[in-house]
Structure formats: C-alpha cells, structure tokens
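A.B. asks: Now for the letters of each chain:
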Amino acid sequence: MGTESNIKLLDENGLRLDGRNEMELRPIKIETNVLERADGSAFIEWGGNKIIVSVYGPREAYPKHTQDIDKAVIKARYNMAAFSVDERKRPGPDRRSVEISKVISEALSSAVMVEQFPRTQVDVFIEVIQADAGTRIAGLTAASVALAAAGIPMRDMVVGCTAGKIEGKIVLDLSKEEDNFGQADLPMAVLSRSGEVVLVQMDGDLSVEEFNQAADMILDATKRIAQIQRDALVARYSVETQGGE
Amino acid sequence: MAETKQIVFPGEVIEISEIKPRNGVYKNKEGKYCSQYFGTIQKGDDYIDVVPFTGHYFPRRGDKVIGKVIEIGPSMWTIDINSPYLNLMHMNDTPWKMSSGDIKKYLGIGEYIYAKVMTLNEIKESWLTIKDVGLRKLEGGHIISVPAPKVPRIIGKGGSMVNLIKEHTDTRIVIGQNGLIWIEGTPENILRATAAIKKIEREAHTTGLTDRMTEYLKGDAKNGN
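Chains as they are written, first to last, in the working numbering: chain A, 1 to 245; chain B, 1 to 225.
Next comes chain A alone, as it looks inside the complex (with noise of 0.2 Å):
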C-alpha cells in the first residue's frame, strides 16, 4: 500500500502477476495432525504460505491472574520465522505479531465455546515459516481446523479471506506484490455457517461501494475455503480403517 511504483498489476487481459483473475484465489492445501505432542495441529499452504499452527488444552491458565472465573482463554501466538520473509526479519514479538495475536484470539473466542470450560487456557501457536501475504487470515483459518481436530467444542469452524485494491480494481486474495503495491487490503473472517463477521481490518483506502464488493467477493470466497477445511479433517479418518497392527 502507498508505495508508489511502476510495477503492472494487470495486464491488457485484466490477468494479474500470477495469472488469476480477479475472483480467483490461490491454491489452498491443508493437513492435520501434522504434530505428534499437540492436542490439535494442521498446516496449511495458501500460495506461497506455509504455515504451521498447534493447539494445547484446555489446560489451567497461567500465569494464574489470566484465568478467567466464567470462561476459557484463548491464548494465540502468532509469529514470523526469522526466515518467513525476504529480509531476515528480527525474531521475536514486534508490534505487528502482537496485533494480529491479538486479533486471532479474539476471532477464535467467538468461536469457541469458551463458556464450557472456565479457568483454563487453550493456547494456539501459529508459526509463519514461509510469508507470502495473507498470512493473518492463512494462520487463522488453519487455526480452526487444529482447534476442531483437537475436539475443542466451537459454535462453528472460523474462515477467512482477503480482498483488495489494485489498479482501481477489487481483486481477491493479494499476492505479495499485489499486497506491496496495490491500494487497499482487507482481511476478514466470518464463522463460515452463519457467516457472522469475527475479524476485519483495513489498509489502505476503499469507498462503502468498494468496501460491500469487496466483502461480498470475500463471502463467497469463504465458501469454498470452507470446504476445503472440512476436506482436510475428513482425509484423516477415511483411510485410517485399513491395516491392523
């Protein structure tokens, strides 16, 4: 956003740097229980994200003053390989990662039938080993699927997407460069039943009429992503009734 460039997002066919269309996104493929030791796990790729998420609890809070009397934590911590980006980034929590923890545990609370289990934790690590834009909403869709296969009860499973501006023109699902050199990027998720908003921000500029096509682009869009969650938990339990021991 904002840095101003030369670069060609579409070309004279309308086709973007990748060659997708505006409606179109990019190849999404996610594994579960890719972790032996955590209760839950799934690994997602969405274009060039790579992206490993494990899920711990419910378990007693600590530090003890986090416990809270009526209901579960969700502690999530999302955070960038050194290696994750182009230019080593410096490990550890910055402010970005912090906000988008923060984010995510609040999208997932909505899910989560926190109420059930009061005073314990449910920690979610989300780790960004390969960063390719869209990762908050990548790290967080796979987050659903780890916390559904750790048999966390959840009102629905979490979904997102994002959307953009890029020449003018409202695009789905933002490549890097479409990220660094486009007008605007949304974000969002809903619950992918009742398709109530759980996470939406905003860079960059978009009018109200940008704003409701790009959210609509990003509903239709969670359909389908959807699917593809409910696929991934599945694939475990279909094949799992062959051989003995």
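It is worth saying that the hints were derived from the structure and are not from the lab. On a predicted model such as this, the values are computed, not experimentally measured, just so you know. Hints are not guaranteed to be accurate.
[Unchecked claim] Per the computed footprint, the stretches of chain B lying under chain A, defined by three or more beta-carbons under 8 Å from a beta-carbon of chain A, are:
no.: 1; stretch: 19-31
no.: 2; stretch: 52-58
[Said to hold, decoys possible] With the C-beta cut set under 8 Å, the calculated list includes, among others, these residues of chain B facing chain A:
no.: 3; residue: Y47
no.: 4; residue: P95
no.: 5; residue: W96
Every residue, glycine too, gets a C-beta built ideally from N, C-alpha and C.
Got chain A; can you put chain B on it based on the hints?
C.D. replies: Below, chain B without anything else, positioned relative to chain A:
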C-alpha cells in the same frame, strides 16, 4: 472395509427426528440443533450424541477414573486425572486407617489409583474417593492412555469389547473414564492387549467393530503371540 459413521463438523445442523439430542449438541440462534465437535453422530434408542474424535477429559460426578498421585499434603493427595482442573483426595475417603502426616506410607507420589469422582464444586475442582466397591490402589500392571471420548467404544455395550480383549489376551484390565487404562498380565499379553486397544482407538468411528475385533483377536492368538 467397514463403513464409517456419519461425520459432522462444528456448526453443522443435525437432523433431529423424535430422539432427543444429548451430548455435543447445541441450539443455535435459529433454534436448530448443531454439532459442537468435529466427530461422529451416535444414535441411541433415546438420545443422539455427537462424539468428538479426540479431546480432553472433564470430570463428572460419579465417573470412575484412573489417577496418578502428584503431590502429598498432610491430610490429602493431589491426583492427576488428565483434566485441566485440580483434583484432591482426602485421607478419610480411603479404606485405610491413618493419622495425618503419615499418609504417604499408604500412597506415594507416582502411584496410581482407581477412584471415583465424589464431588465437583462450582469452580470444577473435584474430590475423589477410593472408599467404594472395586475402587483401589493399582499395584503392578501397566498404564496406557487413550483420548477420553474413545473410552465408551473400548468398553463396548455392557463391557462386551473389553471382556473380549480380557478373554483373548488373558489380562486384567481397568478402564478409567478419563482415558487411562491399567493392564496387568505377562509382558507379551500386555502388548497384545495394548495393540488391540490402539486398533479400537483408530477405528472407533467405524461400524461393526466388535465383529472385526473378534476376528482380529482370534487371528492374533493363532499367530502365536
């Protein structure tokens, strides 16, 4: 290849006809019953449940569980039963006569008990007891762990599945509702029973499992294990 039971996802609407929804189901804003879990639908005669594939154990009153002593106080033990909450057992809730201060002579750190959840308070702390028929300190044997939601499947209808394993492997087995299982027998038999339990754990979501387990255990015995 066995058929799998119907798999549901969190938030998926469940068709309810006559039978009442019970565990793992919630009512959404539109008044429809939805699944809370990623799991399978289990239809009983009176109730319909959604059973998750995995998950933590949450104590309920009257559950019989296997726990490990992790701390000893002057008059009570702290027991780990795989739940997120604190579990205690007072010396008066044991069949042994003792005075406070020397309770570790009877039950030391790291030892296992088969106990019952006696009470649960408002903040979900629970008190255990071993002062009842069948409850005891577990001596010897071997402990394995499975996800708590799979326990009913391992026990089977009226204990049919676990009896099957006991018979075929010549072991003594105690199953806790919290997913810990105590097995006693010769080392070979313990391994065979463990393998059988792990097989049930893997295939808990399929139908006709008891029949297949009978076959499996027969074959297993023939292979001369």
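A.B. asks: Confirm or reject each hint.
C.D. replies: We went through each hint and held it up to the structure:
no.: 1; hint: 19-31; in the structure: holds (count 4)
no.: 2; hint: 52-58; in the structure: holds (count 6)
no.: 3; hint: Y47; in the structure: violated (18 Å)
no.: 4; hint: P95; in the structure: violated (30 Å)
no.: 5; hint: W96; in the structure: violated (29 Å)
Of the numbered hints given earlier, the model fails hints 3, 4 and 5; all others are met.
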